[in-house]
Each structure stands twice: as C-alpha cells, then as structure tokens.
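*Asks:* Listed below, chain by chain, are the residues.
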Amino acid sequence: MSELLQQVINGISLGSIYALIAIGYTMVYGVLRFINFAHGDVFMVGAFVGYYATPHIMPLVGGSLILAGPIVLLLAMIVCSILGVTIEKLAYKPLRFRPKLTILITAIGISLFLEFGGQLVFGPDPKSFPTLFLSTTLIDSQNLVLRTTPIVVIGTAIILMLLLRFIVMNTKLGTAMRAVSFNQQAASLMGININTVISFTFVLGSSLAAAGGILYGTLYPSINPLMGIFPGLKAFISAVLGGIGNIPGAALGGLIIGMTETFVTGYLSPTYRDAIAFGILILILLFKPSGILGRHEAEKV
Amino acid sequence: MLHVENLQVKYGAIAALKGISISIERGKIVTLLGTNGAGKTTTLRTISGLVKASGGCVRFEGKDITNHPCHEIVALGIAQSPEGRMIFSNLTVKENLEMGAYLRKDKMEIQKDMDFAFSIFPRLKERLKQPGGTLSGGEQQMLAISRALMTRPRLLMLDEPSLGIAPILVKTIFEKVVEINRELGMTILLVEQNAHLALQIAHFAYVIETGHLAIQGNAADIARNEDVRRAYLGET
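Going line by line, the protein sequences match chains E and V.
For the first sequence, my numbering gives the first residue as 1, with consecutive numbering after it.
For the second sequence, my numbering gives the first residue as 1, with consecutive numbering after it.
Hints are computed from structural coordinates only; laboratory data are not their basis.
Glycine included, C-beta positions come from ideal geometry on N, C-alpha and C.
Keep in mind that the hints are not guaranteed to be accurate.
[Stated by the list, open to error] Here are the simulated lysine-lysine pairs, DSBU-like style, with alpha carbons at most 30 Å apart:
#, chain 1, residue 1, chain 2, residue 2
1, E, K89, V, K52
2, E, K172, E, K89
3, V, K129, E, K172
4, V, K10, E, K93
5, V, K10, E, K100
6, V, K105, E, K172
7, E, K89, V, K10
8, V, K112, V, K129
9, V, K129, V, K171
10, V, K129, V, K176
11, V, K171, E, K172
12, E, K172, V, K107
13, V, K112, E, K172
14, E, K288, E, K172
15, V, K112, V, K125
16, V, K105, E, K89
17, V, K18, E, K172
18, V, K28, V, K105
19, V, K125, V, K171
20, E, K93, V, K52
21, V, K94, V, K171
22, V, K176, E, K172
23, V, K94, E, K172
24, V, K129, V, K28
25, V, K10, V, K94
26, V, K28, V, K107
27, V, K94, V, K107
28, V, K125, V, K105
29, V, K105, V, K129
30, V, K52, E, K100
31, V, K18, V, K52
[Said to hold, decoys possible] A few chain V positions that, by computed beta-carbon distances, are all more than 10 Å from chain E:
#, residue
32, A13
33, G56
34, S89
35, N90
36, Y102
37, K176
38, A223
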C-alpha cells in the first residue's frame, strides 16, 4: 500500500512537470497550428538559468530557501520568455504564411541549435542542480519516503496552472488568445493585434517550460544541455493525448504520461520507461487522434 | 467619408478587383450588389485590411489607409461584420461582445454600447453566458453585427447579413440595420445578394460585375433600372 502511495507521489510530481511543458506545446499549436519542437529545449535553458543564477541569488537573500526558490524560478521564467519570443520573432514569424512543414522543420532546427549551442556554452558534462527549495524528509519508513521536494514541485505546478487558467479565462489578453486560436481573421477585425497575442502565447508557454526546468532540476538534480529532448517529447505526447490545442487536456495528458511512466518503471521494468510514452502516442493516433478532451475539428476549407 | 479609388486586388495571377471606385457619404446606407464572385466581399476585405490591394487607394476621413494592418483600421473607426459571421464559437456571447470592445478602455461607454445592442437584439441578452457556437444562424448574425458595433465604428460594413438565415429573421435583421443607421447616425456599407431587400433600405447603390463597377446610382433609381431588375431582381 505504501509502495503504491510512493509511486503515486512520484508519478504526480513527474506528471505535473510534463503538464507544465505540455501546456506550452498546446498553446502554441492552438494559436499558430504547428508544433514548436524547440519547446523542450527552452525547458532545458530554464534549468540552466537556475543553475547559473542560484550562486548569485543565494548571498543576496542570505541563503534563505523560502526566498531563493521563488526568485530563481521567476528569473528563469523571465529569461525563457525572452528566449521564446525571440525564437518566434526571428525564426517563425518570417515563415508564417509559408507551408506548415517549413516552420516545423525550422522548429527542429532551432531545437538542435539550442541543444548543441547549449553544449558549447554550458559544456556537455552533466551539472549538479543546486538546492533551491526546502528539502527535508518528512516520513522515512521502510516502504515510503516522503520528502518536501515533490510537495514543492506539485504545489508550484498547481499554482502556476491556476494562474494560467485565470489569465486565459479572465483577462482581456487571455480571451483575445482564445479568439485568435479560433479565428485569426475575425480576431483582427476586433482590432486585436495578432502579433501581440502570438508573442504573449510564447511568453506564457516558455515561462511555464522554464518553471518545468527548475522543478525538474529540483526533482532530478543532474542537468545537461540534452536534458530537454525526452521530457520535451513526452510533454508533446501528453499534449496530443489530452487533445492538442486544449489546455486542460495538456495538463491531464501530462499527469497520465507521468503516472504511467512511473508505474511502468516501478512495477514492470525501467527498460520500458521511454517506450511506453511512444506506445501511448501510437495508440492515441490510431484510435482517438483528437485526444481525450479534444473535439474533432473539421478541416476548414 | 470613405473614398475608394481605382482599387485593384489580385489573388495570385487572377485579378479579383480590376479598379473599383466608390464613395460613401456620412450617415448613409450604401449597398454593394453583384453576383457571386463579382468582388463584393473582396472589396470589403480590402477596405478592412484583411486583403492587400495591388493598386489604387482607400481613403477614410481624408486619411490614406490602403494596406494598413487590419487592427489599425479598426482603431481608426471601420468595423466589418464578416461573411459567414465568424463568431468565436468557443467564447461566450458576452466574451464575443467584449472582444468587439478590445481596443477600448471606456468601461461606462462600453456598457452603454452593450445595452444598445441588447435593446435592438434582446435575444443576445438572454444568451449572454452561452458559447457563441450554440446560437442559431440568426442569433449569430445579431451577435456579429453587435460585436462589430462594440468597436464603436464610424463606418460599419456588413457582409451578407442575410446569408444562411431563416427568412423570417432576415426581415428583422434588415429592420435593425435601418434602426442602427437612424439611432446612431451610423454610416453603413452593406454587401448583399438579396438585392431586393438591400435596395429597399439603402440610399445609394453600386453594382459590380467581375471586378468592375457596372452601375451606380440612388437606390430608388437602381431599383427601377431595367438591367438591374433583369439581372439581380429575378424579373424578366
């Protein structure tokens, strides 16, 4: 029983990180109708911002973890927002009216650029992620070890997702985002500047990815420039599973993939850890391509 | 108020507009008639900035607005209720209206305009919390017109408000268009396939044929014009 509980906690922690990344994939898809494959690498950059910023922030706050964590988190979110918007302006915007395949291949190019540029700048060797949040052991019995880390991870993810929900559902810019994702021309006719909304989408998506990076580093404290590849792919699968373009769907998909992965690792074999996500992708594409919460959308003529 | 001079538009190699010139006087209802594919919608879309002109110019209140971005043209005071209504199905009726007021900050005036919309289309008020996609065709048309009004335009362009709507509602919508023109002194550019109805409410009319201006004149004269009667009013 307690082992199951342990797995559930691990699964939700990992799943909430996938959820944060998946939301970025799904929002960009919703507005621009393409998969931003560089998104997983923005997540990686987020972790590295945490790695490099922490030694500078710590002395400023007198080593207080209560302050350091949120400050570094915010910093990573800001840096990645700028990165995301820059990528969009430089790489994607000039291609907006080209075939979708062009922009998709460009996204893969940006992804490789960040991965190998990261190896050049940060160095290819793994680095140990600093302790940013309160990390003590609450329960330590034979089958169950409960530390504060997963609580911090899950809690932060929930707060950020609620905040996102508020922005998307209750603010003018969030409503404009939903309008643009439904019909760009009609949105322009309302006086909505599409470019502003697209930039805003990248700000939201990239900052959640950055938060994901910080939380991932906190959970698994070894980071390297290629760390974004697998979480990125799994978050993409989560977004497809939940229904691409659907924000709650992405969160749900992330949780399912995270849980499944943890359970497969725990009860079956760690060998299948990565295979299971792709297995799910194949199944969902075969049987319900619109995803769990996605609605079938007729191709517009 | 609006002067379109020698407007030309190309879709690839095909010329959709081959030099259209129209003028709209403040406070008037002007209708643009023509068959399918004549270039009516293209004319509206070029004025509102959705389509780029390849030649000619559009002047609004003395300012050259040719090929300005769509959102800037809205800010200058031109609103378009597009063909096919283009309601945001995923947004509630209220949110649709709020999107119309996207560029505005005057909360009191926004509420006043919303109340005006409810006064002419009371049905919208009943459906305020419903997603736009659940409305009937006629209700969506009411919403599309109201949403365009929420931008508080000085020129309102309506593209085929009768398209795909129950005949009984078409008449209501046309009555409301007249009401908007009278109550608000709104200048209206109306594109319609239903030439009969359009000529009844318009002051002035232009007839376009395959990208050219064919006939223009007072709506009453046009309605009596033999050629127009034969070609557009289904009389032999």
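*Asks:* So, for every hint listed, does it hold in this structure?
*Replies:* Outcome of the hint check:
Distance check on the hinted pair: K89/E and K52/V sit about 22 Å apart at the alpha-carbon level, within 30 Å; holds. A distance of roughly 23 Å separates the Cα atoms of K172/E and K89/E; the hinted pair therefore holds under the 30 Å criterion. Using a Cα cut-off of 30 Å, the hinted pair K129/V and K172/E holds, with the two alpha carbons roughly 17 Å apart. At most 30 Å may separate the alpha-carbon atoms for a hinted pair to count; K10/V and K93/E meet this at roughly 24 Å.
Pair hint K10/V plus K100/E holds up; C-alpha atoms about 23 Å apart against a cutoff of 30 Å. About 11 Å separates the Cα atoms of K105/V and K172/E, which keeps this hinted pair within 30 Å; it holds. Restraint check: the Cα-Cα separation between K89/E and K10/V comes to about 28 Å, which is no more than 30 Å; the hinted pair holds. Taken as a hint, the K112/V and K129/V pair is honoured in the structure, with Cα atoms around 19 Å apart against an allowance of 30 Å.
As the CA atoms of K129/V and K171/V are separated by approximately 26 Å, the hinted pair is consistent with the 30 Å bound. Using a Cα cut-off of 30 Å, the hinted pair K129/V and K176/V holds, with the two alpha carbons roughly 23 Å apart. A C-alpha spacing of about 35 Å is found between K171/V and K172/E, which places the hinted pair above 30 Å, so the restraint is violated. Proximity of K172/E to K107/V is assessed by CA-CA distance (about 13 Å); at most 30 Å being required, the pair is judged to hold.
Restraint check: the Cα-Cα separation between K112/V and K172/E comes to about 19 Å, which is no more than 30 Å; the hinted pair holds. Distance hint between K288/E and K172/E is unfulfilled; the C-alpha atoms sit about 33 Å from each other, more than 30 Å. Our distance criterion of 30 Å between C-alpha atoms is met by K112/V and K125/V, whose separation comes to about 13 Å. Straight-line distance between C-alpha atoms of K105/V and K89/E comes to about 28 Å, which keeps the hinted pair within the 30 Å bound.
Restraint check for K18/V and K172/E: the C-alpha separation of about 40 Å exceeds 30 Å, so the hint is violated. Proximity of K28/V to K105/V is assessed by CA-CA distance (about 28 Å); at most 30 Å being required, the pair is judged to hold. With a C-alpha separation of about 20 Å, the suggested pair K125/V and K171/V falls inside the 30 Å cut-off, and the hint holds. Pair hint K93/E plus K52/V holds up; C-alpha atoms about 18 Å apart against a cutoff of 30 Å.
With a C-alpha separation of about 25 Å, the suggested pairing of K94/V with K171/V holds against the 30 Å cut-off. Straight-line distance between C-alpha atoms of K176/V and K172/E comes to about 29 Å, which keeps the hinted pair within the 30 Å bound. Taking the CA atoms of K94/V and K172/E, the gap is about 12 Å. The hint holds against a cut of 30 Å. Straight-line distance between C-alpha atoms of K129/V and K28/V comes to about 34 Å, which puts the hinted pair past the 30 Å bound.
Between K10/V and K94/V the alpha-carbon distance is near 37 Å, which puts this suggested pair outside the 30 Å criterion. This hinted pair checks out: K28/V and K107/V have alpha carbons roughly 29 Å apart, not beyond 30 Å. Restraint check for K94/V and K107/V: satisfied, since their Cα atoms lie roughly 14 Å apart, inside the 30 Å limit. Pair hint K125/V plus K105/V holds up; C-alpha atoms about 22 Å apart against a cutoff of 30 Å.
Simply put, K105/V and K129/V have alpha-carbon atoms about 22 Å apart, close enough for the 30 Å limit, and the pair holds. For the suggested pair K52/V and K100/E, the alpha carbons sit about 22 Å apart, so the restraint of at most 30 Å is met. Between K18/V and K52/V the alpha-carbon distance is near 14 Å, which keeps this suggested pair within the 30 Å criterion. Once the 10 Å rule is applied to beta carbons, A13/V is consistent with being away from chain E; the minimum gap is 18 Å.
Residue placement check: G56/V keeps its beta carbon more than 10 Å from all beta carbons of chain E (closest about 21 Å). The Cβ of S89/V does not lie farther than 10 Å from every Cβ of chain E; its closest approach is about 6 Å, which violates its non-interface assignment. The Cβ of N90/V sits about 5 Å from the closest Cβ of chain E, inside the 10 Å cut-off, so the non-interface label is violated. A cut-off of 10 Å between C-beta atoms contradicts the statement that Y102/V is not in contact with chain E; the least separation is 5 Å.
Every Cβ of chain E is farther than 10 Å from the Cβ of K176/V; the closest lies at roughly 20 Å, confirming the non-interface assignment. At the 10 Å boundary, the C-beta of A223/V stays outside the reach of chain E, the nearest C-beta of that chain being 31 Å off.
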